[in-house]
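Colleague: Next come the chains, spelled out residue by residue.
Number of protein chains: 2
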Amino acid sequence: MEEGKKGGLLIVVSGPAGTGKGTVIRALLKKNSGIKVLPSVTTRNPRKGEKEGIHYYFKTREEFERMIENNEFVEWVDYCENYYGTPAKQLEESLESGIDIIMEKEVEGAIKIKERYPDSVLIFLLPPSFYELKRRIMSRGAEDTPVIDKRLRRASEEINYAGRYDYVVTNKRVEDAADNINCIIKAEKLKAFRNIDILKEISL
Amino acid sequence: MEEGKKGGLLIVVSGPAGTGKGTVIRALLKKNSGIKVLPSVTTRNPRKGEKEGIHYYFKTREEFERMIENNEFVEWVDYCENYYGTPAKQLEESLESGIDIIMEKEVEGAIKIKERYPDSVLIFLLPPSFYELKRRIMSRGAEDTPVIDKRLRRASEEINYAGRYDYVVTNKRVEDAADNINCIIKAEKLKAFRNIDILKEISL
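Residue numbers (the numbering used here), protein chains in the order written: chain E, -10 to 193; chain C, -10 to 193.
Rather than coming from a laboratory, the hints here were simulated on the basis of the structure.
Incorrect hints may have been included.
[Stated by the list, open to error] Once the Cα atoms are required to be at most 20 Å apart in a straight line, the calculated EDC-like pairs of lysine to aspartate or glutamate come out as:
hint: 1; chain 1: C; residue 1: Lys180; chain 2: E; residue 2: Asp108
hint: 2; chain 1: E; residue 1: Lys161; chain 2: C; residue 2: Glu190
hint: 3; chain 1: E; residue 1: Lys175; chain 2: E; residue 2: Asp155
hint: 4; chain 1: E; residue 1: Lys123; chain 2: C; residue 2: Glu190
hint: 5; chain 1: C; residue 1: Lys10; chain 2: C; residue 2: Glu95
hint: 6; chain 1: E; residue 1: Lys20; chain 2: C; residue 2: Asp165
hint: 7; chain 1: E; residue 1: Lys189; chain 2: C; residue 2: Glu121
hint: 8; chain 1: C; residue 1: Lys103; chain 2: C; residue 2: Glu64
hint: 9; chain 1: E; residue 1: Lys178; chain 2: C; residue 2: Glu121
hint: 10; chain 1: C; residue 1: Lys10; chain 2: C; residue 2: Asp186
hint: 11; chain 1: C; residue 1: Lys161; chain 2: E; residue 2: Glu190
hint: 12; chain 1: C; residue 1: Lys123; chain 2: E; residue 2: Glu190
hint: 13; chain 1: E; residue 1: Lys(-5); chain 2: E; residue 2: Glu164
hint: 14; chain 1: E; residue 1: Lys101; chain 2: E; residue 2: Asp138
hint: 15; chain 1: E; residue 1: Lys161; chain 2: C; residue 2: Asp186
hint: 16; chain 1: E; residue 1: Lys101; chain 2: E; residue 2: Glu64
hint: 17; chain 1: C; residue 1: Lys180; chain 2: E; residue 2: Glu104
hint: 18; chain 1: E; residue 1: Lys25; chain 2: E; residue 2: Glu190
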């Protein structure tokens, strides 16, 4: 890989609930150990197995609102009755030290990140079909019908944003989706505008 | 791979003489059988092993000039005392039928192609160093000192164009360079703007 002394790549992955973002990102991290996940700050309850500082920073609504007042977020949203936010300090320190960062974001958050960091790479993960998405949401269990309906309506709205992303990856097979994202990252690092230093060096 | 019914991808590879464009493209074609080479039309003499209609369409200066008059080229240039041109009809027919096309082009030609086909993908192949480039040009043999000096001067000029390309790939090892170009092609096919059809289909 051609890499100069330069900042890390910021990769943002979105996609409807049930598309498999978490699973695909985990598979990607196994293939590419150079990428780190930056946890979001959230007020939602931890799901089984989710750990503080690894998957999310879990906060109360009061704590989150204080962080908003102190301008500690790159972006934050109120999504399905919970707050989600990206902590600015942790993100910028990681990128400056050359670490590639991947984040899971809902669509509004992703688009705000792109506005603030135009060189970030937005990837929209699609389910293979709407039918398959419904099946996956239902098979997660512990969800009642109104929640499923709400998620499907929301999924449909979110997919309308996909055209504003840089890339669209369909999650038919987790391994293929992770390979495709890995390729996107590799290609992005070869973009000419990210390699001005190398060009200056060789052009004697 | 996510592919709708759509046109092929046009990939243009440039780089100073001696960088190894031909070798890298041959390695790429072995990895990815979906890509075809569109031969250029040229007035230069065939090198050993070069075949009509596979590596180039070889023409006399008179024939080439007649083709210019008949507007048969996407672009053509006069480069190191020979004409080189891209035949419009063959290129557009291939792309419309969904075939991915790769072409080797000097910098002026590549930039003209990008102007006419903004969705084309321009890749600049760099030698690992100027020293290595000189060594490679000399090891080709059958070249005298003025030719070597001319090529090196020209190489230096060409590298100044690299910033106008989409991607920059360094040819340290042929296999790695071919893998990187293959990844670029895969990533380009996942670009959101090339997948509007899939988005329309899934967004019920």
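Colleague: Determine for every hint whether it applies to the structure shown.
Modeller: Evaluated hints:
The straight-line distance between the Cα atoms of Lys180(C) and Asp108(E) is roughly 15 Å, inside the 20 Å bound, and the hint therefore holds. Of the pairs offered as hints, the one joining Lys161(E) and Glu190(C) holds, with about 15 Å between alpha carbons and a cut-off of 20 Å not exceeded. At roughly 14 Å between alpha-carbon atoms, Lys175(E) and Asp155(E) fall within 20 Å of each other, so this suggested pair holds. Between Lys123(E) and Glu190(C) the alpha-carbon distance is near 16 Å, which keeps this suggested pair within the 20 Å criterion.
With a C-alpha separation of about 11 Å, the suggested pair Lys10(C) and Glu95(C) falls inside the 20 Å cut-off, and the hint holds. At most 20 Å may separate the alpha-carbon atoms for a hinted pair to count; Lys20(E) and Asp165(C) meet this at roughly 17 Å. The hinted pair formed by Lys189(E) and Glu121(C) meets the criterion: a straight-line CA distance of about 17 Å does not exceed 20 Å. Between Lys103(C) and Glu64(C) the alpha-carbon distance is near 11 Å, which keeps this suggested pair within the 20 Å criterion.
The hinted pair formed by Lys178(E) and Glu121(C) fails the criterion: a straight-line CA distance of about 23 Å is larger than 20 Å. Using a Cα cut-off of 20 Å, the hinted pair Lys10(C) and Asp186(C) is violated, with the two alpha carbons roughly 34 Å apart. Pair hint Lys161(C) plus Glu190(E) holds up; C-alpha atoms about 15 Å apart against a cutoff of 20 Å. With a C-alpha separation of about 16 Å, the suggested pairing of Lys123(C) with Glu190(E) holds against the 20 Å cut-off.
Using a Cα cut-off of 20 Å, the hinted pair Lys(-5)(E) and Glu164(E) is violated, with the two alpha carbons roughly 29 Å apart. Taking the CA atoms of Lys101(E) and Asp138(E), the gap is near 27 Å; set against the 20 Å cutoff, the hint is violated. This hinted pair checks out: Lys161(E) and Asp186(C) have alpha carbons roughly 17 Å apart, not beyond 20 Å. The hinted pair formed by Lys101(E) and Glu64(E) meets the criterion: a straight-line CA distance of about 7 Å does not exceed 20 Å.
Distance restraint check for Lys180(C) and Glu104(E): the Cα-Cα separation of roughly 18 Å lies within the 20 Å cut-off, and the hinted pair is therefore satisfied. A threshold of 20 Å between alpha carbons decides the hint, and for Lys25(E) with Glu190(E) the separation of about 29 Å lies outside it, so the pair is violated.
Hint compliance for this structure: hints 9, 10, 13, 14, 18 are not met, and every other hint is.
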